[in-house]
Amino acid sequence: MGFITTPLGAHLFQWGWFSVSIGNIATISAVVALLVLAIVVPFPKEHDVTPIQREQDRA
Amino acid sequence: MSDQVEEVKITWTGRIRDRAEKNLPYDRLMPDTQPAYVVSWIYVAGVLTIAALAGIIGSGVILTFKGPTWWHTSASGHFVNSLHFWSVQLFFIFMVVHLWGNFWMAAWRGGRWKTWISGLVAFAVSIGAGLSGYAIQTNVDSQWIAFQAKDGINATGVGAMFDIANFGQMMMFHIFLFPGIISLVVLAHVVWVRIKGVVPPIDAAKVEAAIAEHAASTQAGA
Amino acid sequence: MMDLKARQKEIERTHWTGPLRRYDIVKEGIIACIVVAALVIGLSALFSSPDDKALTFRGWATAMPKDFFATTIKELAGTSDSATYGPPYNANGDGQALGPITMQKWIGVHEPIHTANDFVINPLIHQQQAQIVQNAVVTWLKASPAQQATWATNLDNAIQDPKGANGDPSKVPNGDYGPTPLLASGLLAMASSGALDGILPAPGDFYNSNNTKQILFMGDGSYLPGFGDANHLSGNQWGMMNEIGDWPGQQWLMPFSFWYQMPFVNSDATSGLSATMTANGDVYVLAIISIIMLLHFLIPFIPGLRDIPRWIPVHKLIWRQYYRRAKQSS
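Residue numbers (my numbering), protein chains in the order written: chain A, 1 to 59; chain B, 1 to 222; chain C, 1 to 330.
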């Protein structure tokens, strides 16, 4: 890992930024990815039926 | 036929039942309809969190029957421990997605602050449950976590009654007190969601006004 | 004609009377359980879970006997981290302070530990020792606390002398150490045999379920801390959220672990604000986290914070299908 020997790399590594485990990087990325996908991926239309109105909901 | 004469309940049981029937009738507790705006995958994050919690408890029950050191010497034990470990990871992953989703929907609106706060309480207590779980693995990870975490816990004075290096105490917290509290808080959280209903969109009134305006102008034109 | 804001509030507070769609809460719950079960089983089969064997006193004494010896002398002299920790273990330190707030000190000692007796003398007494070690124990117990302190401190200073032994007990010059060298070598032998692992938690007792003494004693040396450093588990290596190897750890502690990476709690300064914050790093970080948590709890009541979803309208994406369909139906 040659980056660590550069001045910037040495500085960041000294702080431990690159000590984050791969598993953590994966799970944190999963959170971000799931959040974005959940918002962006469209919900299937076929689960919609004609909107219904219940009688007892009318005031 | 409306209730013109309402019987005034004087028993505690009667009053509680009345409130429950008014706020949480069966068709709100176990609905088979939901508002038309509940169309987004973000809405499944909550139920996925609960499903992961069920996974934690299920694998935890198996571990209970076999004791805390079984998994070090048994392949099936190690597998059950893995089920428990990954259930916990998924639990927190889905919970954080659920938290962020509800933040962007400003889900505390309309008096839903109890739901919001109970959710964060569940998060906080879950962190404690997780920490106590790590402390009872009976391997080097437990030793390290006990050694490190004690300083932060002691610094607040809480270390006087919560000794993370005390295996027996951590075991009792982890399999009894924390799951008990989490179950109650999650139950309250879900009941409040059912009582209040899923929060309407931030622009619901604008949408309603636009529909009404269009309907009025269509009728006028007809 | 109700004003839009008031109408919005009314919609939020009352039961929804607008259009509905089909929903099956039981089916949703069951499908969620099946999906999560499949994920959990899959991940478990693919990646398993970490299980590195626990460290033992036998391992420590075998791998690092000089370090074990030197740490034992520190426990006798009362200069180890545990001996000077303060509450909840003893009153030999004040613990951490957040300015004038010293919760650790105020709440006091509830898990009393006397390092010389609990880590060294009691374990030695509860196992058959070589005659010279037994005699050393008797000499120690007969001496006054002041005499005990003198012996142990002399040897501790000699071992730690950077111009002399510099941490190596085999290089100390002759001095007035009393029975302490024999006590330490007796305990080293006990640890190397494996006996100390069994006896230390509850000498003389059948049952034990409290590992506090072991964690504190082992943490005073370099064996356990060395393991942590080597595995990227120390506080300023994102250790709080890391796990051994490549496994995910407690990544939900990332906002907590973040503050331990900051220079203000990692300073080498010996005086001034940086030094104070580093020495009391845990309580400062916990105070920051508590404030952040409290703000989260109170978001519904804090103007500004609670308006962020309005200012950054992610909700327009979340509810876009509803907005579009409402436009179409009108």
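It is worth saying that the hints were derived from the structure and are not from the lab.
Glycine is no exception: its CB is placed at the ideal position from the N, C-alpha and C atoms.
Take the hints with a grain of salt, since some may be wrong.
Stated by the list, open to error - Stretch by stretch, here's where chain C covers chain B in the computed footprint (C-beta under 8 Å, at least three residues):
# : region
1 : 13-21
2 : 32-38
3 : 124-138
4 : 165-172
5 : 182-192
6 : 205-214
field: chain C over the region 182-192 of chain B, status - at least 3 residues with CB closer than 8 Å
entry: Check failed, 0 qualifying residues.
task: Count residues of the region 32-38 of chain B with a Cβ under 8 Å from any Cβ of chain C, then say if the count reaches three.
output: holds (count 7)
message: Is the coverage entry for the region 205-214 of chain B by chain C consistent with the three-residue Cβ rule at 8 Å?
response: Contact hint for the region 205-214 of chain B vs chain C: holds, 8 residues under 8 Å.
query: With a Cβ-Cβ cutoff of 8 Å, does the region 13-21 of chain B contain at least three residues near chain C?
result: violated (count 0)
message: Count the residues of the region 165-172 of chain B whose Cβ falls closer than 8 Å to any Cβ of chain C, and tell me whether that reaches three.
response: holds (count 6)
task: Given that the region 124-138 of chain B was listed as covered by chain C, double-check it with a C-beta distance under 8 Å for 3 or more residues.
output: Since 7 is at least three, the answer is holds.
This entry does not satisfy hints 1 and 5, going by the numbered hints stated previously.
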